[in-house]
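If you're matching them up, the sequences are chains A and B in order.
Just so you know, we're using our numbering here: the first sequence kicks off at 1 and counts up by one.
Just so you know, we're using our numbering here: the second sequence kicks off at 1001 and counts up by one.
Careful, some of the hints might be misleading.
[Stated by the list, open to error] Label pairs and their calculated CB-CB ranges:
#1 A:A45 - B:D1006: 43 to 53 Å
#2 B:R1016 - A:R76: 47 to 57 Å
#3 A:E32 - B:R1131: 28 to 38 Å
#4 B:R1016 - A:E95: 50 to 60 Å
#5 B:S1017 - A:R76: 27 to 37 Å
#6 A:E95 - B:D1046: 57 to 67 Å
These are calculated hints, taken from the structure and not from any lab test.
Think of the CB as a built atom: it goes at the ideal place given N, C-alpha and C, for glycine as much as any other residue.
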Amino acid sequence: MSTPLRLTTGRRPDGTTVLAAAGEIDMSNAGEFSTALAEAGDDGAFVVDLTGVEYLDSAGLAAIFPYVERISLIARPLLAPVLTIAGLDDLTTVEDG
Amino acid sequence: VVIDPDGKTVLLDRGRSRPLGVRSAADRPEAQYTVPARATLLLYTDGLVERRRQPLTAGIEKVAAAVREGHAAPLEDLATAVMDSMAPGGGFDDDVALLLYRHPGPLEMDFPAEAARLATVRSALRGWLARCGIDITTSQNVLVAVGEACANAIEHGHRQLPAGRIRLRAAATADELRLTIADSGHWRPPQPAANPHRGRGFMLMRTLMTDVTVTTGDAGTVVDLQARIPR
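Only chain A is shown next, with the shape it has when bound in the complex (with noise of 0.2 Å):
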């Protein structure tokens, strides 16, 4: 079993980019993370919503540092700890759920 991860890239209504993430991320598909922020990030600021990741250690973290000037996060609690130990919390809000 390889490590399940979904990636969508979608525009809101106002026009922002938003890069959805579902699954885990780890060592094993943080590279494919990592590319699916690059594109995202093509033109200026952009969400990275994290709602469906149950999973993500420092390999992610790794792949979401280069943006965290332009980027904000939305995720579950779950991931608050991890999120907050990396001092990411600033650019995170947390959704129940």
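Dock chain B against the given chain A, drawing on the hints supplied.
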């Protein structure tokens, strides 16, 4: 005797009957009991608790107290402690058999040091943590810390040995989880300045766990993680 994770004693005495092998006209009673997560179960023969000139209940109370005292200790240590505390001055008169079980038993896995294996390992560990009755937050902390230890083993430990393996063992006591990740590689805890990504993984491990110990020896590297289970 069952000692639950809060230290409460339950005596499994509802299936009481004459000894096996003694004929009895009546049906033997049966009773059911579900052992809660992280409780310790002790089954024993009468030689452990019977003492001349002492009521049987005194011996049973004494052994229950010994298990209660050690309900946070690893089972192997608890077995020794129970035998030591119950042995009469001149040694046991009768033969003694005892069986200790903590629910659920330890999780043991052995897998190739490959990134593609991580999801399967994580899924098995997640299931085991749920059977231990561990809350979601602690469980996620453990999954990330173990994930980081495995990633270290995969990235650093097996550059020269693509066929290396990783052994994972997880065990729970009443109030603590202990996880051991052992590999056959020789890596050192990364220096954050030299390798910010791996350094971050290490920092996550140290922050999420109560205690982290890394031992590198001739046979490989062992990462020992301990996490307190919140009440």
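Could you check the hint for me, namely that R1016 of chain B and E95 of chain A are 50 to 60 Å apart, CB to CB?
-> 55 Å, holds
Does 43 to 53 Å hold as the CB distance between A45 of chain A and D1006 of chain B, or does it fail?
-> Cβ of A45 of chain A to Cβ of D1006 of chain B: about 51 Å, so the range 43 to 53 Å holds.
Range hint 47 to 57 Å: satisfied by the CB atoms of R1016 of chain B and R76 of chain A?
-> The hint (47 to 57 Å, Cβ to Cβ) holds, given that R1016 of chain B and R76 of chain A are roughly 50 Å apart.
Starting from the range 27 to 37 Å, see whether the pair S1017 of chain B and R76 of chain A falls in it by beta-carbon distance.
-> With Cβ atoms ~53 Å apart, the hint is violated.
Range hint 57 to 67 Å: satisfied by the CB atoms of E95 of chain A and D1046 of chain B?
-> Holds: the Cβ-Cβ distance is about 59 Å, inside 57 to 67 Å.
Given the hint of 28 to 38 Å, check if E32 of chain A and R1131 of chain B actually sit that far apart at their C-beta atoms.
-> Once the Cβ atoms are compared, 32 Å apart, the range 28 to 38 Å for R1131 of chain B and E32 of chain A holds.
In this structure, only the earlier hint numbered 5 is contradicted, and the remaining ones agree with it.
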